[in-house]
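Two chains, two separate frames, one set of hints: put the complex together.
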Amino acid sequence: MNANTTFKTGLSEGAIAVLKKYVTLVVLFGLVLLFSLIAPNFFTPNNFIILLRQVSFTAISSVGLAFVMIAGGMDLSIGAQITLTNVLTAILMARMGVPPIFAILFALVLGTLLGVNNGYISIILKVHPLIVTLGTMTIYKGLGYIAANGNSISGLPESFKFLGQGYIGPVPVPVIIMVLVVIAGAFVLNKTYIGRFVFALGGNEEAARLAGVNVRRMKIFVFGVCGFFSAITSLLLLSRVFSGQVTTGQGMEFDCMTAAVLGGISFKGGEGTISGLLAGVLIIGVLNNALQLLSLGDYYQMVIKGVVLLAAVGFDTYQKNRKSKRTASRRPAEKVATAA
Amino acid sequence: MVRKGEILGLSGLVGAGRTELARVIYGAEPAESGVIQIEGRPVQIRSPEDAIQLGIGLIPEDRKNQGVFLDMDVSWNISFTKVKALSRFTMVDTRREFEIAEKYRDLLRIKTPTLQQQVKNLSGGNQQKVVLAKTLAVESKILIFDEPTRGIDVGAKQEIYNLMCALADDGIAIIMISSDMEELLGMSDRIIVLCEGRMAGEVLRPQFSQDTILDLASGKQ
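As you go down the protein sequences, you meet chains A and B in turn.
Residues 1 to 340 in the working numbering are what the first sequence lists, from first letter to last.
Residues 1001 to 1221 in the working numbering are what the second sequence lists, from first letter to last.
Bound conformation, chain B alone (with noise of 0.2 Å):
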């Protein structure tokens, strides 16, 4: 469905089954129907451990409830994905967990006084920047983004435009859910509409506007 380098859009109106869609893939939910294939061959994704290692990233909509752990600093919330990867006979390698959580800072520009910052303190983009470098930081070759820029403020919100386009540049398959149709018509290759938990159409880029999408998820065609 996604390709390598390609950032699909998923669209449709709330409740349409977006981001259950989304759970599903990543194992959050159980499936009731569907197979899910990665490069041609059907995989079994029963949990977010599965989907992590089979190179499946979430970004969720609910960041402070389903993304960080907002009592917990930076760099514990940076490495927490790899941190089972960190450690030698159990024991946390806390100079690389440092190494890491340094490295994802810096590149995606996280503003935070120090990395031993509690999470809550930080702004909604940088929070949502550090879901992202969590997410990364287990190297995953497809990126589920949901909602990514809800409740982030201009300067941030291109931050992830930015860095959304650098990493489908990197060869990384990117689903993105988006409620806001400027981002969705802006950053897709391809957008898939969904319409009370089906498939309604997938709309092409020369074909891209505002109504063919709003008709399909309305049910319409």
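Bound-form chain A, shown alone (with noise of 0.2 Å):
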């Protein structure tokens, strides 16, 4: 419908960009309505308050994802980084007794390590990212459970509580983390020539290193971003649940993966907006939030965002499709065009 309209007026490629963005606002302003009318207690500040906070996570990993992906990589391991890293800091604060904030730094350096592996052993392997950080997953999720050995870690310090459970005035402290994080993320990607490199790498990456671009380089940069914000949310998680678990993070990657498609990030990369990736956020952040709200369990919920991604990638494609045909049916006019 939509398409069809650009179609007639001749609007520009730029205008359908714009639309394409709008058409997940549309969704996710959509949901808010409908959960507000048949959700009790939806529609409350206390209740966005919750919200914001249970994306935080999701949205935190998720700019980290935007990067690989607009790179044309990809990292399934965000779920098994969150997971080791969660556990290694919490045996260090906990059963080693170091202080919050060397505990934290190791946190951060860990995982942003985690993150240069991957794309480090994809260069070298020459391997599709999705392939190797297959098996990192597996790797990382291994050594968590190895380190944990089968019990949760509790017993942190009293102080490491503010990073998940504080407030900054009425605002938790998860949000303003990740509003910061996506200010960050957006701010590299739009306005910094390493963000044009990323969009370069994804876009075309022989036309990126014949321009003189360190591929190598880019690479690692994007998975060590990856690593770094997903250690960001481990910590939040830990500070969040109060101790070391296996289970944490589980899954992280398939929702921020989710999100991102959502969002308008192409898998093939070279396209992607951190405003787009947020809007897929809100969008699984709302219906977590209501579908729990309404008491339909977890399976219910697995249901739906199953169908609502399938939904929003049809209509991607969809959209791609007629534009394609558009630009097929155009060309010999535009030769003659330039013949002329």
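In case anyone wonders, no lab produced these hints; they're calculated from the structure.
Idealized CB from N, CA, C, for every residue including glycine.
Each hint can be trusted.
Chain B regions said to be covered by chain A (calculated; three or more residues, Cβ under 8 Å): (1) 1041-1052; (2) 1066-1072; (3) 1078-1088.
Okay, here's the thing in structure tokens:
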């Protein structure tokens, strides 16, 4: 329907891009409206704050994933990275008495290294990151289980509570950190040359290389960013749950991927915005939150999330096909114009 | 091998190693043997990044897969090689980016409605000019053109020839790989013919003829 109107009025492709972003927003607002009507206590300031805190964890990690995906890669190991960092940092603080500030530094460095490792391996093996991170996912998860040795690690210092459970004014700390991460991510992707290189890598790796981009360094960079942001998520979750658990972070990569795809980040890379991603994250957050309020169980939530994802992807592909048909039919006319 | 202000033609049958030679010089592929010298000094080129720093530019053979970013706009593409230098504290100076894009759009007469147009919507010739603009923007001293006029309409072809001549007049050394015999004979000051990855011979302007070149290329001489 929308594609039809653009076709007739001949709007530019920029307008279609705006429209595409708009579609995610329409879905988001539609869902908010729907649930405001049918879900009790959904449309309340209190619930919105809870909702934002619920999405903050996914949002932070998915900004990292956005870097990787826009650069044409994929990271399946996000959840496992979170698990491993979570367990090791908990052990450091609870069992070895390391002060929180050093434990936090350790977690951030470890997370970045886990990410860098993904990038490094995919360069060395020359295998698609999807497969590399499938491997490292299992490795990281296994290491997490080994370190935890079947226990949950409790006895964290009280001062560590602030990160995941504290508030600044009425706003939960994770929400503030999410806002900072989103701003930082959007800034790097849109305003800096590093962001351009990320898009270039996903758009056309060979052209990027021939244009003098150090492709290896960029790959390691994007995976490092993803690892770093996942380490932040891990710390926030650790502080929130307040004990080290091997289940923390499980399945996070799929929530991030769903958000990214909903938000218009292409699997092929070279395309995507942080604002779209945020809309995607919020759609999932709203669904989770409202379905819970409607006391539909986890299983229903899974089904509904899957349906929404497929609908969004289907719509996206439908739109792209229309677009390519349109450009194809316009080509000959253009050639005549330039030849004349 | 190539002199300032000269257009050196590189000929040979398909598979003779012309593109490979260009890619090795540009650092896109590792060299098995041989030395590259610039102004008499041997240089180490391990990556395109090195080559660009030494003032070598490549207009690759496969424009869509190696030259342009089809989904990005004209301005983005033209400024891409320059974008790091245009940045202050990693932030891209978009005003200067736009100036550069405008400069090369006018210089190369790139036909595009706006600089925000996606490159995939341009004609082949104009896409090629975008690749050229991207390479010129870094002010190369040596330019390698790999099949610069493949898949381009006649008007744009002539414009690309004029540009190459103008660049050579400005003192830029040009290496041109071409399978188009007329183009090769018409444009080159000197032609080197490759055969099975080795230099089969050098032909100077007075001896230019299709037969000499084809004989060398097929290994008859």
